[in-house]
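Top line first, the protein sequences correspond to chains A and B. Position 272 of the first sequence, counted from 1, bears residue number 272 in the numbering used here, the numbering being contiguous throughout. Position 311 of the second sequence, counted from 1, bears residue number 311 in the numbering used here, the numbering being contiguous throughout.
It should be emphasised that the hints constitute simulated quantities derived from the structure, not laboratory data. This structure is a prediction, so every number in the text was calculated from the model and none was measured. Yeah, the Cβ is synthetic: ideal placement off N, Cα and C, and Gly gets one too. Be aware that a few hints might be false.
Pairs of lysine to aspartate or glutamate, DMTMM-like flavour, derived with a Cα cap of 20 Å [claimed, not checked]: (1) K189/B - D58/A; (2) K351/B - E337/B; (3) K269/A - D58/A; (4) K317/B - E345/B; (5) K201/A - E101/A; (6) K200/A - D25/A; (7) K59/A - D284/B; (8) K206/A - E286/A; (9) K59/A - E195/B; (10) K237/B - D25/A; (11) K20/A - E195/B; (12) K206/A - D25/A; (13) K200/A - E263/A; (14) K351/B - E310/B; (15) K177/A - E263/A; (16) K177/A - E345/B; (17) K342/B - E310/B; (18) K342/B - D314/B.
A short list of chain B residues far from chain A (calculated; beta carbon distances all over 12 Å) [to be verified]: (19) W66; (20) I108; (21) D127; (22) K181; (23) R290; (24) Q292; (25) E310; (26) D355.
Okay, the calculated beta carbon distance ranges per label pair [unchecked claim]: (27) F163/A - L352/B: 28 to 36 Å; (28) Q241/B - M279/A: 56 to 64 Å; (29) F22/A - P204/B: 29 to 37 Å; (30) V329/B - G257/A: 28 to 36 Å; (31) E263/A - V329/B: 24 to 32 Å.
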Amino acid sequence: MNAKAKDLRLKEEPKHPVLKHFRDDSPGTPHLWCAGCGVGQIWHYTTRAIEELGLDEDKVLWVGGSGCTGRMCTYWHKDFFHTLHGRALSFATGVKLARPEMTVLVHSGDGECVAIGGNHLIHAARRNVDITLIAVNNFNYGMTGGQFSPTTPTSMYTATSPFGNPEEAFNLSALMKEAGATYIARWTTVHARQVINAIKKGIQNKGFSFIEILAQCPTQYGRRNKLGGPVQMMEWLKANSILKEKAEKMTPEELKGKFILGELHSVIKPEFSEYMRAMAAEAAREGEGG
Amino acid sequence: MQGNDACTEGALAAGCMLFAGYPITPATEIAEMMARRLPQAGGIYVQGEDELASLGIVLGASAAGWKAMTATSGNGICLMQEEIGYAAMTEIPCVIVDAQRAGPGTGIATKSMQGDVYQVRYGSNSDYSIIALAPSSPQEMFDLTIEAFNYAESYRTPVFILSDEIVSHMRERVTIPTPDKIRLVERKKPDVPPERFVPFRASPDGVPPMPSFGDGYALPVSSFARTETGRPVTDFKNQSQLVQRLWDKIEKHADSIARVETAGLEDAQVAVLSYGSVARAAKDVARQMRLQGKPVASMRLITLWPFPDERVRDLGKRVRAIFVPEMNVGKMAREVERAAGKYAEVISLPKLGVDIHTPAEIQQAVERMFS
């Protein structure tokens, strides 16, 4: 598109409120996600959380790896770190240690953060490094054509489970609690306000925050499982969701196949980069004392 | 002082602020020493959950402005390869020690080999260049570690210290100069404000200035093929320009990066070319033979990559034959053949690990040229 045509197009179209955070030289216009994908909503919710907290955007780093979710960071108009598949949390940990004043946000899909990056996921949580991980769980590898992932429920259909997924799905939030994350919430793309609030709380939590957002992938997962278009899929997410408070009064049988939503866990523990710096200060004093 | 400890001291002298590593023989002493010494210097030691985490943390810290390093053995390098290519593509400086051990596979963890010379050069996917230095003594473990940081910062590239079990565990006297005697290089920062900054526009030396995350430069760091502005592209022109620059920024400076140590060149008829631990025996053979009146030169490669083509070609023009003893199947001998094969006979003397060549083994081969 030549400059003149681009200019005309922008004049004709109303400007979406998130575009002010959008990198203006991003490839593809406006982005690569399929129509109706949940990732775009989460992009919006993240920028809203940053706005509402009034953060200095020059100090907000978006980190991602590969996949549909991994690409989120590449549209952020300030510093972004588009790393390797599965390694986003390792790179993010390095940044946080060197620049503790920065807000480090990682967006990672279910395939990336639980399969190929699963080891880094549990260890980032265990260290309680001050990173907010927004895990977009759309139950499959969308970008590569919809293969099953560690969060695909048993018996569901994907490109590589034509007879139904033989494996059990990970309960990510439960895994994160055991691993040591200090703030955990789970919502769906339907819950705009709750997601924004959870991201804000995650950023404010001094430690590893895990925010799982169940998202629709109508192009791959929805199509193969006949879950309908984006709206029907969001209705499906909503219909199968139960708030934590209500779920606590239900039996395991009643909860089968349901998504438990809410703020699931919140504790205070020493944060990794602060702890390391304090340790270094102590070691330096001891070193001087001989 | 042990080679690995000298390496640690060199890193501290160079201003290394973060070390992330995973225990592995024969590199572990570097991690152990770093865990103690780095916090005392105000830095941070992180024990990665694996090698992938370790280099990832190193690259994150470096992109945020710190000098950072990791240390491992060849097996660990295997795991790090994707990130090595990432670092080359995104031009994030880092120092990686490969204390080589006998392989392939698990091999012999406690014994030496020089089998990784190609792995560090060509291990990640597609085309890029790196710098690799081969110390042959604890003193060089100190000196070349500082040099490695300087190169990493100058050229925005991964730099390898290609030690081996012998050099890493050898104990010798190491002289540590006072800080004012140590030359340190820091990465070039942009001299324009953020609104005029083009993230990957190279200076005449082929290296773009590098701000850190958080400096306000809206850095787009990704290993996608890209334009100078960092925008991802899929076209031939941008891809080829980028990859060519990543290659040229190191290869075109090979003359200044590639260091060799020579002896007895003047009237030499035969040469022994070696590097790393094996060079200790090879240099000795050349010296002994010269004392016996046989004109044998020695050339020790201090820089393995970029390969010192020019210097090796000159050597080939001076002598009839170049012997290349190395602890692998004869890998660098191929490079020597490529650079000097037109002028001199290149004779590979491979030894497949565990122990370096004895001087007698090398001398026996070289003697043939004088009988």
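Hint check:
Taking the CA atoms of K189/B and D58/A, the gap is about 17 Å. The hint holds against a cut of 20 Å. Between the alpha carbons of K351/B and E337/B the distance comes to roughly 18 Å, so the proposed pair stays at or under 20 Å and holds. Between the alpha carbons of K269/A and D58/A the distance comes to roughly 27 Å, so the proposed pair goes past 20 Å and is violated. For the given pair, K317/B sits about 11 Å from E345/B by alpha-carbon distance, which is consistent with the 20 Å threshold.
For the proposed pair K201/A and E101/A, the alpha carbon gap of about 17 Å is at most 20 Å, so the pair holds. Between K200/A and D25/A, the direct Cα distance comes to roughly 28 Å. Violation of the 20 Å bound is thereby established for this hinted pair. Distance check on the hinted pair: K59/A and D284/B sit about 57 Å apart at the alpha-carbon level, beyond 20 Å; violated. Proposed proximity of K206/A and E286/A is contradicted: the alpha carbons are some 28 Å apart, above 20 Å.
Distance restraint check for K59/A and E195/B: the Cα-Cα separation of roughly 17 Å lies within the 20 Å cut-off, and the hinted pair is therefore satisfied. Of the supplied pair hints, the one linking K237/B and D25/A holds, its CA atoms being roughly 18 Å apart against a limit of 20 Å. Restraint check for K20/A and E195/B: satisfied, since their Cα atoms lie roughly 16 Å apart, inside the 20 Å limit. Between K206/A and D25/A the CA atoms are separated by roughly 33 Å; this puts the pair beyond 20 Å, and the hint is violated.
Of the supplied pair hints, the one linking K200/A and E263/A holds, its CA atoms being roughly 12 Å apart against a limit of 20 Å. Of the supplied pair hints, the one linking K351/B and E310/B is violated, its CA atoms being roughly 26 Å apart against a limit of 20 Å. A C-alpha spacing of about 12 Å is found between K177/A and E263/A, which places the hinted pair at or below 20 Å, so the restraint holds. Straight-line distance between C-alpha atoms of K177/A and E345/B comes to about 66 Å, which puts the hinted pair past the 20 Å bound.
Proposed proximity of K342/B and E310/B is supported: the alpha carbons are some 13 Å apart, at most 20 Å. Of the pairs offered as hints, the one joining K342/B and D314/B holds, with about 11 Å between alpha carbons and a cut-off of 20 Å not exceeded. Here W66/B does not stay apart from chain A, with its beta-carbon only about 4 Å from theirs, under the 12 Å limit. For I108/B, the non-interface assignment is confirmed: its Cβ lies about 27 Å from the closest Cβ of chain A, beyond the 12 Å cut-off.
With a minimum CB-CB distance of about 18 Å to chain A, D127/B clears the 12 Å threshold, and the non-interface call stands. The Cβ of K181/B sits about 22 Å from the closest Cβ of chain A, beyond the 12 Å cut-off, so the non-interface label holds. With a minimum CB-CB distance of about 48 Å to chain A, R290/B clears the 12 Å threshold, and the non-interface call stands. At the 12 Å boundary, the C-beta of Q292/B stays outside the reach of chain A, the nearest C-beta of that chain being 52 Å off.
Every Cβ of chain A is farther than 12 Å from the Cβ of E310/B; the closest lies at roughly 36 Å, confirming the non-interface assignment. Every beta carbon of chain A lies more than 12 Å from that of D355/B, the smallest distance being close to 37 Å; the non-interface claim holds. Taken as a hint, the range 28 to 36 Å is violated for the pair F163/A and L352/B, whose Cβ atoms sit roughly 49 Å apart. With their beta carbons about 46 Å apart, Q241/B and M279/A fall outside the hinted range of 56 to 64 Å.
In this structure the supplied range 29 to 37 Å holds for F22/A paired with P204/B, their Cβ-Cβ distance being about 34 Å. About 58 Å separates the C-beta atoms of V329/B and G257/A, a value inconsistent with the hinted range of 28 to 36 Å. As the Cβ distance of E263/A to V329/B is approximately 60 Å, the hint placing it in 24 to 32 Å is violated.
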